[in-house]
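Now that you have both chains on their own, put them together as the hints suggest.
What follows is the residue order along each chain.
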Amino acid sequence: MMPHIISWNAIVPRIKEFRETLFLLNKNKLTKAAIISLYILVFVAIFSPWIAPHPTHILLDTNPENKLLAPSAEYFFGTDELGRDIFSRVLYGTRISLQTGFLAVGISLLIGVPLGAIAGASSGWIDEVIMRITDVFLSFPGLLLAICIAAILGPSLQNAMFAIAVSWWPWYTRIVRGQAISLRERQFVKAARAIGTPHFKIIFSHIIPNCIAPVVVQASMDIGGVILTIAALSFLGLGAQPPTPEWGLMVSTSRTYFLSAWWYSFFPGMAILITVLLFNLLGDGLREVLDPKTRKK
Amino acid sequence: MRIFIVKRLLLGILVLFGVITVTFVLVRIIPSDPAAQWVGPRATVAQIEAARMELGLNDSVFVQYADFISDLMRGDLGKSIRTHQPVMKELKTFLPATLELVWISTFFGVFIGLYLGVLSAQRKDQWVDHLCRFFSVATVSIPSFWVGLLLQSVFYGHFDILPLGERLSMNVKLFNEIPDITGMLLFDSLITGNTVVFFDALKHLILPGFVMALFPIGLVARMTRSALLEILNEDYIVAARSYGLPERIIMWSYALKNSLGPTATVVTLAIGFTLVNTFLVESIFSWPGIGNYIASAIVSLDYPAIMGVTIFSAVSYVFLNLVADLVIALDPRVRI
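Line order of the protein sequences matches chains A and B. Quick note on the numbering used here: the first sequence kicks off at 1 and runs consecutively. Quick note on the numbering used here: the second sequence kicks off at 1001 and runs consecutively.
Just to be clear, a hint being listed does not mean it is correct.
What the hints assert, rightly or not - Take a look, some chain A residues computed to stay more than 12 angstroms from chain B by CB distance:
1. LYS32
2. GLU65
3. GLY124
4. ALA146
5. ILE175
6. GLU185
7. ALA194
8. PHE200
9. PHE204
10. VAL215
11. SER265
Unchecked claim - For lysine-lysine, the following PhoX-like pairs were computed, each having C-alpha atoms within a straight-line distance of at most 25 angstroms:
12. LYS1257(B) x LYS1124(B)
13. LYS1203(B) x LYS1173(B)
14. LYS32(A) x LYS1257(B)
15. LYS1173(B) x LYS1089(B)
16. LYS1092(B) x LYS1079(B)
17. LYS1079(B) x LYS1089(B)
18. LYS32(A) x LYS16(A)
19. LYS1124(B) x LYS29(A)
20. LYS27(A) x LYS1092(B)
Claimed, not checked - Just the calculated beta-carbon pair ranges, DEER-fashion:
21. THR1044(B) x ILE51(A): 56 to 62 angstroms
22. PHE188(A) x ASP1059(B): 52 to 58 angstroms
23. GLU20(A) x LEU1202(B): 42 to 48 angstroms
I should point out that these hints are in silico values taken from the structure, not numbers from a laboratory. Yeah, the Cβ is synthetic: ideal placement off N, Cα and C, and Gly gets one too.
Chain B extracted, bound-state conformation (with noise of 0.2 angstroms):
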């Protein structure tokens, strides 16, 4: 056991360590000029020789790969030439507002998930059945970019009950303090007792959050109903009915408690999913977060902060990875 958890580390940080040099190879063959664009379109080519230098970029590529893996160590993801700040600080702003996000469309789409694979091998193969296997497959068919613009011309466009886009009306931006603990707005309004930021912040969350929470609703209907039908094949099921227990305590106590192994796994690679697909739903709703940063990162061919945000996501990818090989390590059944 303790040596799985071990190698598995070791593993996690050699990925960790591929990642990171992918990430740099695939950086430095950019067909642009960095130096050029850190100094704009006006220099000369003196500036642009000192912006070089100042760079690093007339060093060696292994050189620049040391240095890279050394800043890195030390939290540093360089400045984005876009803005000249430093990208750790611009990802430190703009993490809040994406994590909000995530997290909370993942609670949802995972209870929602349960609940449908629950009702979907209750009734295997009657129309509700049907109907949530179909729902299913249509969340993780469906193109993000397309439901966010589809809500919005509804809900915004025709009813014009909820907001397009951002975390905050303007009038409440201008006449509340915002508080800033975390960043996340739900969180810190809450426990500052600020109902009309609360309020505000809760419906512009509710369009981008259900867009976000589609694939996985899908993706954990499914996995858990296919884990559920398998264990209600199993003896201890047969056994527990015919001690007469009530349907409704072998389904939710016997047999799902079995099936979260998969379902574990299934949500690390959902939050994983979720993580990356704001690239593409945040800058439908306007939503100030690294989904949105990196957008307008790729436009400008920005590579430190393309770089930054790449390296982040996949390091938060290989530590949910990690979790999830963790919880089903920890089940007394695979601990042999």
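This is chain A alone, in the form it adopts within the complex (with noise of 0.2 angstroms):
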């Protein structure tokens, strides 16, 4: 955002917050641990292309005399059947599935949060409106809807990735309102109002920096919940593609196979439950620290 818009001044105490919070985060043995390994999620997802051993076989490279092959010395993970090697593949997921659950999020939160904000800010009828429209996408179970909306754009990983974000906007809009209505009564909006700042100004440069911490929170905690969704449409044939090395679309390729080759679909699911799994001991860990009754213990 513009410097104009969010100042300095604003900031400088969540920093001081911020790092109180990770102070206290590493002092939980199960988080600290779950930390240190996203950090090497991480690393992998950008260097996957340099540390897989066969960078060929991501995407095109295809050798059915190797097929269906079980793990070894040569293929950590055995080979899929084209001959694939299925280590490398779901090495290089990670970079996917990491990538595709930030962005989901993202675009939740940038549908999400300005409408909380307007909500919360502006009482009467267009708050009823917002709430009530939210009200109805939270009304559908969360992966029915996203399923109907990827079934309808037609089967791709961006599709996907935006069927996610339409059904899971309304929850950060919810919370951010709830932020915004104690905000709005408090004084430094209240000057700014009596100075004659226009409203969108007041919502954009007061209210949204003031209520942005504990959205960033929840988004944090549901990355792992939008990675797990994310695979599931792919298993259904509405996410992923082939060949992208897509861990719930290798999952859903392996049906054909699996009663004879385990491996084929053991590690991509394998793969999804240990990234989703830290996600959520991350958020876990969050939801201790910052929750004040705990907090202080």
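Structure follows, in structure tokens:
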């Protein structure tokens, strides 16, 4: 965002709080382990094409003569039905899953946060309309709406991401609205209004910066769930398309071979489980640290 | 109190209306021509045009919307494009299988979850607690479709003690009379006393039921643990302890009773999730329920079918949330 919209002074105390939070997070062993593993995951995501032992196997290269080989020193996780190295593909899948996970959450934040701030800051019918729309979206089970939208937009990873964002934003709208309602009555907002600051400027330069912290926390807790949903959509054929090495898609294609080649479905699924688990552990740790009831212990 | 219930019901109706509208709008933007699919690939232009007329696709969007709503009021969800059968009728055939799976897995999920939650709260920060917490985080992180495949390859592929999928074995289906009263096999075979069908159906339910129960277990265990820990610090618990009441009574009848409010909310959430989770699990176990139905509807862009299942799931979800709110409202402590 532009510098004149969010002033530096408003951010300094938050950085201090953030550092304290980091310190507390590191005290919990399980959370610390999760954080360190997530660093490794990000490293893998960035450098996967260089770490992978068979980088050409990630997308196009096929070796039918080596198909469905069991795990060995040459192919750590075995090979798939086209003779591609599953280990290299799983490594590269990290990049796809993290990227789409972060982007999907990012898009939902972009939709949800401004709507919530507008609803909370401007009571009356605007608030009412926005919140009733939010209610409608929240009354779909998340995965169902995502499936529906992805089915309608047509199967692709981008559409799956968009579908998830469309079904996810209402949560952020709710959180931000709650924050914005309490901020609306605070002195500095009233002062800004008194000197004639336009309504939209108040929303974007006073309300949003002050209610962003809990939303970011919530978002970081949600990334695990989002990655799981993307994998589920790909599994249903509504997300990534071959030959993309997306984990959910790999599990889906392995269905034909899993009784004879267990490694084909085992490793990509394990990758999903570990990644989602790490994000959820981080989320649990965050929740504990940020909850005032348990923070000081 | 009464005002709250009336308000909540009105809001529920409003939300339902919104859900139906959103579904309608979503389905209208499908980039394919339903009329062309209705008549098949070798139809002439005139046939397609006739199908357009029949399906009402030439009317304006508003007329289509009004038609849709009035049909819906009469319980008519339109005809499936793939099978040319009324969607309502198809839902009725596929629903019992799904409901059987959902109820059984939620039932066991909730009880195991409650037990794990209590266990964890009782032994806070001991290894049992760490294990339970790790397990409950793992169950919400695990891809259900993957667990399904894994269990199949272990229990069918390796040990061959449980069936691969479907609701009944072939020989049981051929040589036994299958009772059909509610469509839920376990229940039907139990009341007709058909033990062969009962045990076969039970065997087929174990794997998909377990996979679907994982999520409720984790969710309920987490919620129960945190609610209990909060309550165990309350004065009345301290008082009960100082009277020398056994810890078992304090936990199960003093603390747990008061932690059920938040748990009830979570349970309704879990049922909603389980309902949608059938979309992933049923296709793995070839379970003939609505999950499998929508999966094949998605592939062929059968929009009335997609819409039917969506509306059904969303309506049940709205209803469950309503029940959860009413349960909380009936709590005398909330009634001020």
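Structure-inconsistent hints, enumerated in ascending order:
Numbers 4, 11, 14, 20 and 23 - these are the hints that the structure violates, sorted from lowest upward.
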